[in-house]
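Undergrad: All chains should be built: construct the whole structure from the sequences, respecting the hints.
Be aware that the sequence shown starts at 2, since it is given in this note's numbering, and climbs by one per residue.
Any given hint might turn out to be false.
As a list, the in silico DSS-like pairs of lysine-lysine whose alpha-carbon atoms are at most 27 Å apart [stated by the list, open to error]: (1) K484 - K437; (2) K60 - K142; (3) K428 - K318; (4) K166 - K125; (5) K125 - K202; (6) K166 - K145; (7) K144 - K31; (8) K125 - K46; (9) K318 - K202.
Taking CB as the label site, the calculated pair distances span [as the list claims (entries may be wrong)]: (10) F486 - G302: 46 to 54 Å; (11) A637 - P575: 20 to 28 Å; (12) W267 - R677: 53 to 61 Å; (13) V700 - P575: 27 to 35 Å; (14) G607 - V690: 39 to 47 Å; (15) Q479 - L682: 48 to 56 Å; (16) Q507 - P485: 40 to 48 Å; (17) G302 - N411: 36 to 44 Å; (18) D612 - S547: 27 to 35 Å; (19) W267 - H32: 30 to 38 Å.
Don't read these hints as lab results, they were simulated from the structure. Beta carbons: idealized from backbone N, C-alpha and C, even for Gly.
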Amino acid sequence: FLNPGDVVMGMSLSFGGHLTHGSPVNRSGKHFRIVSYQPDKATGKLDYNALRALAAEHKPRMIIAGYSAYPWAVDWRRFREVADAVPGGCILMADIAHTAGLIAAGQYPNPVGHADVVTFTTHKTLCGPRGAVILATDPEKAKKIDRAVFPGEQGGPHINTIAAKAVAFRIAQSPEFKQLQRDIIGNAKVLADGLARRGLKLAYGGTDTHLALIDLGAIQTPTGVPLRGDIATRILDLCGLTANKNTILGDENAFDPSGVRLGTTWVTQRGLGPAEMDKIAELVHRVLTSIAPFLYKGRKGYRTRGKIDLAVMEDVKREVAALTANAPPAAPAPSPGVSSASTIEVSGERALVALQAACTADVAALQPGQSCRSLLLDGAGNVLDEVLISALPPTVPGRCRYQIAPQPHNAQRVKLWLRSLSDGYIKFDEGDVLAKVDGPVVVEWEKGTQLFCRNGPTGASHKRAASPFPSSAPEGPQICLAKPFFIGQSTLLRGAKPTHDKTPFQFTEPTGPPNHSALYAEHAKLTQGRFLVPFAGWLMPIQYVSIAEEHMAVRSAAGLFDISHMGVLEITGPSAARFLDLVLSNYVLALKPGRSQYNYVLAPDGSVMDDVFLYCLAADRFMLVVNASNQEKVKAWLEALNSRRVVIDQDWPHKEVDVTATIRDLKSPASGSDQRVGLSLQGPRSLTVLQSLATWQRVVDQLGRLTRLE
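TA: Okay, structure coming up:
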């Protein structure tokens, strides 16, 4: 019906329209000239007179009506009048993907007879399989649509869904289906009224369909930071309430919406009614008003996050479970959260660092086959449980595995605590809402476990009593106050003064004549010895012929820089990533092989010792490039941290880096064939120059695919 560049009118994505109705990131927005319309800001409803004026001004070839996040029914007759008033003719397309079931049951206006083309999916309110349907009453239009679908878009029909669609259409003719749709709308009205009665603002003023939208911007948060849709829906989901984030009236950024969309189709299918809808409104209100939003600075600006008290989350989860207890089961499969087992497995790339923060014991000291007893504390230092932690052999390289044996009566509580810490949405430190345990990790019941050693008097204390030899086993759970951090540590340290033998880091700058870089002889030849000056302890050239000419050469072509005076350190070992994550400012645990990141080396007082570049060569092997003037100091600092002999925390000088790594100076001849120094190629033609040096096409292609920080 259209040609690229034709004008199409559709509801703005920010006001409830669909992505395919003209969003700039969608094909519709890229191929056609989109004129977006929106509801009236005062009433929250469509102004058909304003739509008619907009269509008269822009003369669209197509108008799209029907929405994904707009709560009011559409007047198809008025839309037909708007389309018919456009000079030259205008196609009216009705997108009823979200309301098809309501329409089939006579609970929502029917576009058939008004719209030229009607499209809908079969898996939303129609309650059928995932699929779609396109309708047209004009045979000529229908032929064009058929050709556009096949062979224009599909290579063949989706046979697997056709029978399921037929079943869904047959069910949609039944009295039970019609009653279901009436109940869906009734439940949505009760839900919306319950939300509004408790003080939540409804976007667009209410609903007469199957959904309602909450305007989060009207919520007064405990931190003063506005609550956003992304974090709200994540935390609602963790509480057992599944919702969708949505842009609403007033949002400017589709990636950071302030609306939450709640639909009643599924809960109505589950058999829930008005009383349950009011309860859901109460629970949603409780969750949203309990979230403490905060901002943190990301790479592209500030990001909104939020946390909630675990007690609130668990209370809501219990009440959601009670709501659904009397409803028909959603599926015959048992819940994965219910098990008779009492041992828990924690696994993943960050399992060690997660447990190191969650437990009082030094989990990093455990080798596969070793165990220790530990406490789990909350942020106030209260004991959640005493557990036995065992390191298991990894089944996948790089993924640590640990068995957690809690007290049987606390098993569910411990699993919940560890999972919630991994998810990252609960508060565990009232003084620092940004604090987060590294994750995610997999927390699950361990299957087929035979546990022969348990906490209690049947273990170490009995062996001590029966054995004539002294025991090295700890009397009770391990509390390692020397760890950099664990939950509850600050409470335990109040009023305490742990002893230590650590000293402040001291470094004496080297003296003597300037060093020569690997290319010193070449520099001396090119400069004839005239432009060599001391720089950061090295004799380096400041120019060869002319600073201006050399600068322009780099800006227009490429320049080769000698950086062999800079330090090159290798950090290796199973705990290398954890070691570097503790001593550098960036998030090293997120770095993957083949990637690099910029970092600071910070002194205990927070001052910058050096800025460095870190390269991840493998999961257990890293290369650190250090500025020439600081390379000896940084190397000495890392070695001192490795030996655990220096103070890393001025407030708590007993603390230490809890892992060790192997540190090697790759500039040293002792590195043998691994010895490395650096060169830098810079300028717009640097990639072309580098590719011209490659012998194999495979290398040329690999260089061309390199992205930033690879």
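Undergrad: Output the indices of the hints that this structure fails to meet, ascending.
TA: Result: hints 10 and 16 break, sorted rising.
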